[in-house]
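This is what each chain is made of:
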Amino acid sequence: MTLPAKAFQRWLQGIAPDASTADVCRISGIKRTTLAQQLVRGKVSVSTVVSISRAYNVNPLSALATFEAYQDLAGPQVPPTRCELVSQVSTPDILRAVLARPAMEPAGSGTASPPLSAAPHATSVKNWVDAIDDGEVRHRVSAATGVAPQNYSAQLTANRLSPELALATALAAGVGPAGGLVATGLITEEEAGWPPGARQAALDSLSDGDLTALAGDRLQALGKVLRRQEQDQAQTEKIWENLG
Amino acid sequence: MIEILQWSTLATCGLIAAARVPSAIRGENRSLFYIFGLMTVAILLSIEAPYVAIDQALGGINLANLLLRFIIFAAIYFVGIRVTRGFGADSAYRLITGKAGMVVLLVISLALMVLFFMMDTVGSSAGLAAVSEKSERNFVLVEYYGAAGRAYPAYISLVLLPAMVRAVRSRLPLLVRVAAALLATGGVAIALTLLFPAVPPEWGAAEFVINYTAVLCFVLGLALIWAARVRSSRTSPAKRTYTEK
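Which chain is which? The protein sequence lines are A and B, in order. In terms of our numbering, the first sequence opens at residue 4 and continues consecutively. In terms of our numbering, the second sequence opens at residue 11 and continues consecutively.
You may find that some hints are simply not true.
Selected chain B positions facing chain A (Cβ under 8 Å, derived; list incomplete) [claimed, not checked]: (1) Leu182; (2) Ile235; (3) Trp236.
Source of the hints: derived by calculation from the structure; they are not laboratory data. Remember, predicted model here, so these are calculated numbers, not experimental data. Ideal Cβ positions, reconstructed from N, Cα and C, are used throughout, including at glycine.
All chains should be modelled from the sequences, with the hints used to inform the complete structure.
Given below as C-alpha cells:
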C-alpha cells in the first residue's frame, strides 16, 4: 500500500518548507520522473518517504508514523526480542558463530569472528516471520489485511514483504512494530532504535545447543531451496537439450 | 481472410524452418528442423494452388492429400517425442512411442488408406472438397477420412496436454511457460477438430481458424522455447542468489 499524495505533500511541507520538488529529488537521490509519477497517481511509495527523511536527517520511522496507515510506528520504541535479533543474523554469520564455539571445535577457538554483516540478509524476511510466529500469525495477518495466505507466503519465499504487511505482521505477533521494516531492509537497525551490538549479544547469549540447532534449521532450509533450484535448472536444461 | 491466415502461417513456419538450418547443419536437434520442415510442407499442401500443382504431378488422384496426412502424422509424432522428452513427461512418452501409441498410429493409418482407396478420388481438389461433392457415398467417405486424419494429431495433443498444463504452472523460465501454454492451446485446438463433423456447414470458417490456430500455436510454442534457449545462453548465466525462486 502506498501513501496518499496529499498527506505526503503536507508532510514534505513540514520538513522542507521551501524546497522545490527538484531540490527534494536531488538531495534524496530519487529520480524526478519517479516522484512526479507517484504524485500524479496520488500514491507515494513508502521508500520515497524513507529516502527523503534520510536526506533531511529525519528519522524515517517517525516520518512514517505521521501517516495514518503507519501511526502504529509512533510512540515509545519497543526493543526487539532476542528471537528477532537472531533472525536478522545471516546464515554465514551463524555458521561462523557455531564454529567459534569451543563446544564445536575445542582446538580452533580463540580466533575472533568478524563483525556481523548488516541486516537484512538473504532470508531475513522469512526468518523474521518464523522467529515471531506462534503458529497463528499468518492467519491473523491474513484476516487483518485481507491478503490471501498463499500471496503472503509467496512474498516470504521471495524474501520480500510489503511495508504494510510487515507492520501488520509485527502487530499480529505482538512485537515491536518496526522489526519487519528492518527485516525487509526498508530501514536500518539503528533507525529502528535497535541498540548497537544487540544482534551480536543475542547471538552470544544462545547456548551451544540452541545455536547449533538454529544453524541446523537454517542449513536445512537452505538445502531445500538449493535442491529445488537444482531440480528446476536440470529440468530447464533438459528442455533446452530436447527442444532448443 | 482465410487466404491471409494460410499464407502467413506458411511464411511463419517456413521462416522458422529456414532459421533452423544453421543449427541443423551443426547437428543440434535435427529433428526439430524436420518438424518445422514437415509442418511447412503440410501447410503448403493445404493451400489450394500449391496443392493442385503438386497433386497434378502425382497423377491428379489426390494422392497429395494422403501424403499430407502422413506428413502431419510424422510431424506431430516427432513433436510428441521431443516435447515429452524435454518436459520429462515419461508416461506421455510411453503413450506415444509404446505399444498403445503404435497401435493407435497403425489403426488410424490403415483406416486412412482403406478409406482413401474406397473413394473415387479423380480430380485434384484441396481438402477433397470436389471429391466429396461427387456422390453421397464419397461425401460420407470423405467425412470419415477427414476424421481419421485428425484422430492421430488429436491423440498426441491430448497425451501432451497434462504435461503442458503442469509446465505452465511450474517454476520454469517464463518464456518456456508461455511456450507450454501455446502448445497446450494448440493441443486443445487440435482436439476440437475432432468435433468438426458436428459443426454446422455455415461455420466452415471456424474450422479453418481452429486448424491454423493449432498449427501456429505449435510452431510458435516450439520456436519460443528455442528463443528462450538462445536468450539464456546469451545472457551470461547470472549469479543467482539462493532466495531467488
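Do the hints match the structure? See the list:
1. Leu182: Hint on Leu182/B: holds, closest Cβ of chain A at ~6 Å, below 8 Å.
2. Ile235: 5 Å, holds
3. Trp236: 6 Å, holds
Comparing the model with each earlier hint shows no violations; every hint is respected.
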